[in-house]
Amino acid sequence: MTEMELLELLRDIPQGYIRQADAFRQGHLRILKKQRPGAAVRKILSTAAMLVLILGAGFLGFHNRLTKAPGNLTDQAILSTQDRQKTQPDTEEWQRMVLWEDLSFYDLDTGNTTNLSQFCQDLTRRNGLAETPKPSHYTCLDLDGDGQTELVVAFTGWGDPPHLVLGDFDGKLCAVAYDTPQMDRLKADGVFYHAGIRSWAKLYRTGGEWAVQTLEEDHSHAPDAIWTQWVSAGTEAEPEAAANTEKVTPELLMRQAHSDLTFWKDGAEVSVPANLFIGDGYSLYIPQEGWVYEQIDYHGIPADRWVCTGAAGDGLGQNSTAEPTQLTILFRPGTDYQDIWDWVIAVNPQWNMVQNARGSLYADTATVNFFPAETGFIVCILETPRFGTEGLGILGAMWQSFNGWPSTLTGFRHRDPEASFTLTRYLDDQQQWEEYTVETQLYRAKGYSTYIPKEGFESEDILYGGLPAIRWVCQENREVWFAVVKLDTQDFDQAIQWGFSAGGSDYGLYEDASGGVSGSSTDGSAYLSMQFHKSYNSSIYAAIRHYPLAQTDNLGGYVKLMTDQFQTE
Amino acid sequence: MEDEQILDLYFSRSEQAIGETAVKYGAYCHSIAFHVLENKEDAEECVSDTWFSAWNTIPPKRPLPLSAYLGRITRSLSIDRWRRARAFKRGGGQMALALEELKECVSGAGSLENELIRRETLMAVNRFLAELSVVERNVFLCRYWYLESSREIAEHSGFSQSKVRSMLHRIRGRLDTYLEKEGLR
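Chains as they are written, first to last, in our numbering: chain X, 1 to 569; chain F, 1001 to 1185.
One chain only, chain X, in its complex shape (with noise of 0.2 Å):
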């Protein structure tokens, strides 16, 4: 390589880098100070902290604020506060700041003190964006393997907004902006993949700030990180109505839109006013206050979340457990109670369960609950603190009045867990058409989902134009194959162009009248299809297909099906 060579190569370095170095050249980004380590989030602590004493309100950390009686938060606010002062804030208590009460951190790209707001009026001036991107959702882990807990924040809005990634540093708050492409699918174990060096990554810390670690396994199929819909201080999200559920209403479902939820409380029966809530297949009434509803992707699975935040929390007794009392409900397909069992074992290692004789499971913290559904289970996780008192209390009132969806109802996007089509091909050495039957099954992946014939094919995971895909490859020839990619833009344009890259220069691609792009291979032997479909959340799923010419009417039918069949979700 020659020096011009590698000065031109540096045109192509991710655009993240451009952008960052040239808030450097500015003079935005200033050397990070390591002088005083922790004096500035001590002192943004302690005006907190003087605040809450001024107004009496108080703040508890968040496990405390689900448990306290009402008339012992101030003083357990004031204690609580007085511990603040003498020692570091505990890692919940930070994150929970940054995100509801604009507690300011150091941005090591711009190198200015900011807070989440106004991170997101700076992201929208730097981007040139026309609308502000907001919060959408977050997650804490250990990100960079030193034991303390990272805070992770993703944004909606126009384009691709970073991850926010804040952690403490001796003391002091800092974050950092990852572009998704630097910083995408992240995991339970803080692995993520880099767009820009095509390869699983990692953080690490040097010199007070954080470095990216390449790794050479694969990790496609380590669990994905657990994310909670950001919701903002002081109001209850309300919940997205998802198409197939805004048919439903109280009045089809034959239940009353307010009722009251009764359990028993030392010895007294206890009435509070709850709502109905209308998820996707079920229904349940919530109490109207104490509890905060949250959409979580819980272990890959998109799941509504309900915490209670303390005052309707007395049903459960008294305690200062930092474990929450939270009902969490999901879908999960598939048929077999044995394998929905293992799963939330397997998902849940803290939990020690047994199971009783009507299938549910329990631990000491937690009751799992399973609800057949046509094509699978919606399983309700019912937790509560290790030595609530009086049972369930509210939370059982609130699984009482679990009701699923009558099946004339049933709104599920659910697909049959199999599925059978008739293709017809060409036999050439009887020079003629013939029916037949393809038995497939159906594959659901976070996204999407489609039928996969039960024999002949074989998946495997590859990098397909630089990004994770799944591909199933035909056993009697591999030259016929059905992958599936999810790109990283929610534009389709730029779908388009990844598409033409990707195929590469063997196959004259054009774009097809289906929006996709589709050509046969420059030497006539091979055909290549790409589809984009966007999902509910924006993402885009390249469905791909090849196969020989040759195969057009015989094989190319398995991955035209396949293709047909794709769906996102």
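Rather than coming from a laboratory, the hints here were simulated on the basis of the structure. Honestly, I wouldn't trust all of these hints.
[To be verified] Dumping the calculated DSS-like pairs for lysine-lysine here, alpha-carbon to alpha-carbon at most 30 Å: (1) X:486 with F:1061; (2) X:202 with F:1163; (3) X:560 with X:534.
[Said to hold, decoys possible] Just a sample of chain X residues kept apart from chain F, beta carbon distances all over 10 Å, derived: (4) 180; (5) 198; (6) 222; (7) 494.
Every residue gets a Cβ at the ideal spot worked out from N, C-alpha and C, and that includes glycine.
Fit chain F to the supplied structure of chain X, relying on the hints for placement.
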């Protein structure tokens, strides 16, 4: 005007798009071109060529943010122009100095005509950049992307010039080792 509004003008083929681009990014692109060419007139011509290139590529492209897209075009055009000028013995300045410095990290034999090797090398360079700290990466890119002098970088960062030079020297050494290890030097 926001980038999205400027892009809308390009998509509606309004010539106002060029004017708005020049207002918002003229100084930025001029700075890039001037650092390469160190000649005001040449830099202005490069910036004009950048607007022309943007007009011809948007649509179908809809690049956001515009700054990085325009910056890349300007940089490429400026380097091309610098190379042509050097053939007539006019090229010099920061570009020549930067190239001289980068000699430490390369073999000197052309190898990137092959697209596959080029892509592999780019991936390796991207990996290398990802592994640098944010400060090191910014200093490196100010020097070899924006072609700024060590004096200018020192002004931005608050580092002394000698610290910037030694930092660049260390990074080049690490890049040399990295490319050598990857067999891409």
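Any hints this thing doesn't respect? Which numbers, in order?
-> Of the numbered hints given earlier, those the structure breaks are 5, 7, listed in rising order.
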